[in-house]
Amino acid sequence: MKIVRFLPLLGVVIASIILVYALEKPTSVEISPLAGQSVPAFSLINLLERESSEGGFSVPTVDESLLQGKVQLLNVWASWCGVCKKEHDFLLALQQDGVPIVGLNYRDKRSSAVATLREEGNPYRAVIYDPLGELALDLGVYGTPETMLIDPEGIIRQRYVGALDEAIWQQQFVPVLEAIEAELLGKNAQQQG
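Residues in the sequence shown are numbered consecutively from 1, following UniProt numbering.
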């Protein structure tokens, strides 16, 4: 009889363990369905810019050209994402090291996203506001955070699911960055020779 009294408690403990495991899923390098392909076309709001035009107020938009012309990261994040907060300081450090990062704010409230960047610091050169998750869906994103390495032609070269840190950066991104730099040097040498 005493065992029967503890069954509900045992159920709660097991459910809690499953929930914690699901929320803290192991991070991984993902082979994106778009790896080797260009970032899909899009036109979305730039989260951090507001402009006025002669006829009144207009909201500036950004498109896929934002992700062309240089090697850069595309980081998918949200103010409600606890794991995103874990990687935020590392993203700020990457920015300080000169790594250009574009943010993709995913399924978030604009006011919450702006407040987070004001309070925690902004590692992004621009932030694409994707409140409905349309671009994220086109990119194959299924959670936050995710980070993609984009080459100067706007081609996705690497994708990582989970919070970035120094070890992941060195293991998963630096070798790809070095390969891209070697390719660019080879192209420049061919054009000059």
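Derived by calculation from the structure, the hints in this document are not laboratory data.
Hints may contain errors.
Taking CB as the label site, the calculated pair distances span [as the list claims (entries may be wrong)]: (1) A179 - G140: 15 to 23 angstroms; (2) G69 - L137: 41 to 49 angstroms; (3) G121 - A179: 44 to 52 angstroms; (4) E183 - A115: 37 to 45 angstroms; (5) S65 - L132: 17 to 25 angstroms.
Bear in mind the structure is a predicted one, so any value in this text is a computation, not a measurement.
Every residue gets a Cβ at the ideal spot worked out from N, C-alpha and C, and that includes glycine.
Outcome of the hint check:
1. A179 and G140 have their C-beta atoms about 22 angstroms apart, which keeps the hinted 15 to 23 angstroms range intact.
2. For the pair G69 and L137, the beta carbons lie near 25 angstroms from each other, so the given range of 41 to 49 angstroms is not met.
3. Against the hinted window of 44 to 52 angstroms, the Cβ-Cβ separation of G121 and A179 comes to about 30 angstroms, which falls outside the hint.
4. Under the hint 37 to 45 angstroms, the C-beta atoms of E183 and A115, about 40 angstroms apart, fit the expected range.
5. The beta-carbon spacing between S65 and L132, approximately 21 angstroms, falls within the hinted interval of 17 to 25 angstroms.
Violated hints for the displayed structure, listed by number in ascending order: 2 and 3.
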